[in-house]
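Heads up: the sequence lines are chains U and R, in that order. My numbering applies: residue 5 is where the first sequence begins, and numbers increase by one. My numbering applies: residue 91 is where the second sequence begins, and numbers increase by one.
It is possible that some hints are incorrect.
[What the hints assert, rightly or not] Pair ranges (Cβ atoms, derived):
no., chain 1, residue 1, chain 2, residue 2, range
1, U, Tyr153, R, Arg271, 21 to 31 Å
2, R, Lys145, U, Tyr153, 48 to 58 Å
3, U, Lys136, R, Glu456, 40 to 50 Å
4, R, Ala144, U, Lys136, 38 to 48 Å
5, R, Arg101, U, Phe58, 49 to 59 Å
[Said to hold, decoys possible] With a straight-line Cα cutoff of 35 Å, these simulated DSBU-like cross-link-like pairs (lysine-lysine) come out:
no., chain 1, residue 1, chain 2, residue 2
6, U, Lys151, U, Lys49
7, R, Lys355, U, Lys65
8, R, Lys705, U, Lys151
9, R, Lys679, U, Lys151
10, U, Lys145, R, Lys651
11, R, Lys679, R, Lys691
12, U, Lys145, R, Lys640
13, U, Lys148, R, Lys678
14, U, Lys148, R, Lys691
15, R, Lys640, U, Lys49
16, R, Lys626, R, Lys678
17, R, Lys678, U, Lys110
18, U, Lys136, R, Lys691
19, R, Lys212, R, Lys516
20, U, Lys44, R, Lys679
21, U, Lys65, R, Lys567
22, U, Lys110, U, Lys136
23, R, Lys639, U, Lys136
24, R, Lys640, U, Lys136
[Unchecked claim] Which bits of chain U does chain R cover? Going by a derived footprint, with three or more residues having C-beta under 8 Å, they are:
no., region
25, 110-122
26, 138-145
Please keep in mind that the hints were generated in silico from the structure rather than gathered at the bench. Ideal placement from N, C-alpha and C gives every residue a C-beta, glycine not left out.
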Amino acid sequence: MDQERLDTILSRYEGDAADLIPVLQDIQDQYSYLPKDELKVVAQKLNVPLTRIFSVATFYKMFSLIPKGRHQIRVCLGTTCHLRGGPRLMESFSHRLGVEPGYTTKDMQFSLETVGCLGSCAQAPVAMIDDKYFGRLATDKVPKILKLYKN
Amino acid sequence: MPKFESLDHLREYRRQLLARRDPQQLQVLVCAGPGCLPMGSEEVAAAFKEELQAKGLEGKVLLKESGCQGLCARAVRVILRPREICYQQVTPEDVPEIVEATLMNGQVVDRLIYEAPLTGSKIAHKSEIPFYRGQQPIVLRKLDVIDPESLDDYLAMGGYRGLRKILTEMTPEAVIDAVERSGLRGRGGGGFPTGRKWRVCHEAEGEVKFIICNGDEGDPGAFMDRAVMEGDPHAVIEGMLIGAYAIGARKGYIYVRHEYPLAVKRLQLAIGQARQFGLLGSNIMRSGFGFDLKIARGAGAFVCGEETALIHSIEGFIGEPSPRPPYPAQAGLWGLPTVINNVETWANVPEIINLGPEWFAAIGTENSKGTKVFSLVGAVNQTGLVEVPMGTTLRQIIFELGGGIRQDHEFKAVQTGGPSGGCIPKEFLDLPVDYDSLQSVGSIMGSGGMIVMDHTSCMVDVARYFLSFLFEESCGKCTPCREGLRQMLFLLDEIIHGRGEEAHLALMEELCAAMADASLCGLGQSAANPVLSTLKYFRQEYETHIRDKKCPALVCRPLLKYSIDPETCTGCLACVRECPVGAITGLKKQPQELDQELCIKCGLCFESCQFEAVKVE
Ligand SMILES: Cc1cc2nc3c(=O)[nH]c(=O)nc-3n(C[C@H](O)[C@H](O)[C@H](O)COP(=O)(O)O)c2cc1C
Numbered sequence: 005m006d007q008e009r010l011d012t013i014l015s016r017y018e019g020d021a022a023d024l025i026p027v028l029q030d031i032q033d034q035y036s037y038l039p040k041d042e043l044k045v046v047a048q049k050l051n052v053p054l055t056r057i058f059s060v061a062t063f064y065k066m067f068s069l070i071p072k073g074r075h076q077i078r079v080c081l082g083t084t085c086h087l088r089g090g091p092r093l094m095e096s097f098s099h100r101l102g103v104e105p106g107y108t109t110k111d112m113q114f115s116l117e118t119v120g121c122l123g124s125c126a127q128a129p130v131a132m133i134d135d136k137y138f139g140r141l142a143t144d145k146v147p148k149i150l151k152l153y154k155n
Numbered sequence: 091m092p093k094f095e096s097l098d099h100l101r102e103y104r105r106q107l108l109a110r111r112d113p114q115q116l117q118v119l120v121c122a123g124p125g126c127l128p129m130g131s132e133e134v135a136a137a138f139k140e141e142l143q144a145k146g147l148e149g150k151v152l153l154k155e156s157g158c159q160g161l162c163a164r165a166v167r168v169i170l171r172p173r174e175i176c177y178q179q180v181t182p183e184d185v186p187e188i189v190e191a192t193l194m195n196g197q198v199v200d201r202l203i204y205e206a207p208l209t210g211s212k213i214a215h216k217s218e219i220p221f222y223r224g225q226q227p228i229v230l231r232k233l234d235v236i237d238p239e240s241l242d243d244y245l246a247m248g249g250y251r252g253l254r255k256i257l258t259e260m261t262p263e264a265v266i267d268a269v270e271r272s273g274l275r276g277r278g279g280g281g282f283p284t285g286r287k288w289r290v291c292h293e294a295e296g297e298v299k300f301i302i303c304n305g306d307e308g309d310p311g312a313f314m315d316r317a318v319m320e321g322d323p324h325a326v327i328e329g330m331l332i333g334a335y336a337i338g339a340r341k342g343y344i345y346v347r348h349e350y351p352l353a354v355k356r357l358q359l360a361i362g363q364a365r366q367f368g369l370l371g372s373n374i375m376r377s378g379f380g381f382d383l384k385i386a387r388g389a390g391a392f393v394c395g396e397e398t399a400l401i402h403s404i405e406g407f408i409g410e411p412s413p414r415p416p417y418p419a420q421a422g423l424w425g426l427p428t429v430i431n432n433v434e435t436w437a438n439v440p441e442i443i444n445l446g447p448e449w450f451a452a453i454g455t456e457n458s459k460g461t462k463v464f465s466l467v468g469a470v471n472q473t474g475l476v477e478v479p480m481g482t483t484l485r486q487i488i489f490e491l492g493g494g495i496r497q498d499h500e501f502k503a504v505q506t507g508g509p510s511g512g513c514i515p516k517e518f519l520d521l522p523v524d525y526d527s528l529q530s531v532g533s534i535m536g537s538g539g540m541i542v543m544d545h546t547s548c549m550v551d552v553a554r555y556f557l558s559f560l561f562e563e564s565c566g567k568c569t570p571c572r573e574g575l576r577q578m579l580f581l582l583d584e585i586i587h588g589r590g591e592e593a594h595l596a597l598m599e600e601l602c603a604a605m606a607d608a609s610l611c612g613l614g615q616s617a618a619n620p621v622l623s624t625l626k627y628f629r630q631e632y633e634t635h636i637r638d639k640k641c642p643a644l645v646c647r648p649l650l651k652y653s654i655d656p657e658t659c660t661g662c663l664a665c666v667r668e669c670p671v672g673a674i675t676g677l678k679k680q681p682q683e684l685d686q687e688l689c690i691k692c693g694l695c696f697e698s699c700q701f702e703a704v705k706v707e
């Protein structure tokens, strides 16, 4: 465990139990998941039982207990995207990457996820790769976009 | 950068700022709102930067990336001020021409201006485009004028004047009184009178109180809160300052869903600026009033939009709702009196203080005052964000602003209120939209999503979509919601798989009633609305699924049949490459065959075929 890395995150907070979610978010952002050893330290530092940490970590969709891939693909399944081909877009990504939503490719390059709504409804169907949005994404554009992110 | 040392200092700073600014300053505003970002606004802005440099115009023309400019259907949008020329569907390749023709020679580039969907007439100026002409922006007013990252831009538009006004001449009671008289009701869904909520909290016992901005915007199909947080973050902060002063809070939270990274960034930046200028912190402008703000990022749970769940989430727990009463205004964050309002509600507050409650109360209908922002999306020609006075009819919004239904299709329904709302059929197109009227037809105002549907949408599928959304998002605390949704989803799945029975419909209605009565929070209480409204107005569609085992809109997969027309198939193999289960076989340049046994009806072959050789029924 990289103690220094974790300490940098913890030093931003006052160590209250109420800081639990922001601390976990920072760990998730930096590590791409919540490693168990780190969580034990968090439990100690914030004085929160480990069970509560697991309850929070499994309740919120943002958290993952296993490492995620280098790139996060989030396919929007909001109402407008649902009506305008979001599910098909999802399948196309899933088919090309060979993983179901919620999983990561074997080479750890991509994690595929669905999201309730990305709020770019006028350009449905929409997907987001890391922090970049892609609008009016027909399934035939999927291979080209994936290529941009493959190494 | 000054720190405002007194209330007069702020006024003086604004005066000097305006004196320094040239109203004739040439400005290029590239929209970087929710609709334009996915279509490449960053690239367009970069192209402008480069071109302005190349032409030596950096000092002469001001380039800004603005918030949402409204008409998202024609992204990427660019507006040139002060002439208010709107360009649409701009690509980086168009930029040199815009710079040369418009900025250097004052000519309009015809091919990039608005074209009316029906008449084909071309319009260059914002004020003449019907989409904008029918609107009355209060909350969206500054979005296509200011740079959301510039506090000066906000101040130049009259920003923090409301704060200055309350601190110089109004008591907390007078502020509450004004908000009450304005008739402002919550824009987050429930429509509770804002002033009354503030009064309850103001009168609650206790020294320590909180205020919260609900920026969770979980309703799928809604993005007005995102647009406001990204495009005018200081308006939210100023609204909260005014609310804090009124109820006596010294600390506040803005809860933003993590799916909106840009909103988080912009709010963080704005809070930093406000602190630096002394607009947040202790003893603001030496008035004796102190208030500070913190951002709480959501972690991906729809139910956290519900106020008690949201409060638990800020406290560091899982987002399970609690029974009300007590209401947050009495016992909220850490058990202390807390006012929680929606983003759009907060953004209305500074203008109500500036222009007076009478001004606000004169807009709208008897029981719904002011304007409402809607995200108009789906099967309309002109999708985007619109802000209209309460009481505007659905027809005006969809046909006048929205420019009618895409590809001249017929209007089928409009879905309002997200997963707690319903589908409204064409009989009610002339319904004036306000809190009460929408409720009377089995839907709700909700946060303002308006999803328009034509014959390509299946109402059974829409009901199933919302149920499965809620099923995923139900926190599981109360049984009626957790189990009710499961059973309802099961029944709808039976129908969609061709195993439905007439009796299922009555059973669903019964379940709906039980969930509405017995669920703990709004999620379960209103989960019935998408089902009940579609059952009420589109029962025939359910019956067709059950009796004829057909989906007339060709949406419900298990009821579809795909085939390849040997006459039209060119054997290009595009569908073969796309098919995930290898159900399509044949030689290159020969007609292909589809194995019905293997087919999973995903429709990818249908989408990939350039020759319309894949048929579906
Ligand atoms: C399941 C559920 C989800 C909700 N989601 C939101 C939301 O995303 N944004 C919001 O402002 N209000 C949401 N609300 C309403 C809030 O509980 C609350 O009424 C609102 O934030 C109060 O602010 P207002 O009076 O300004 O509307 C939700 C309610 C429920 C039951």
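Item to check | Hints breached by this structure | outcome: 1, 2, 4, 6, 15, 16, 20, 23 and 24
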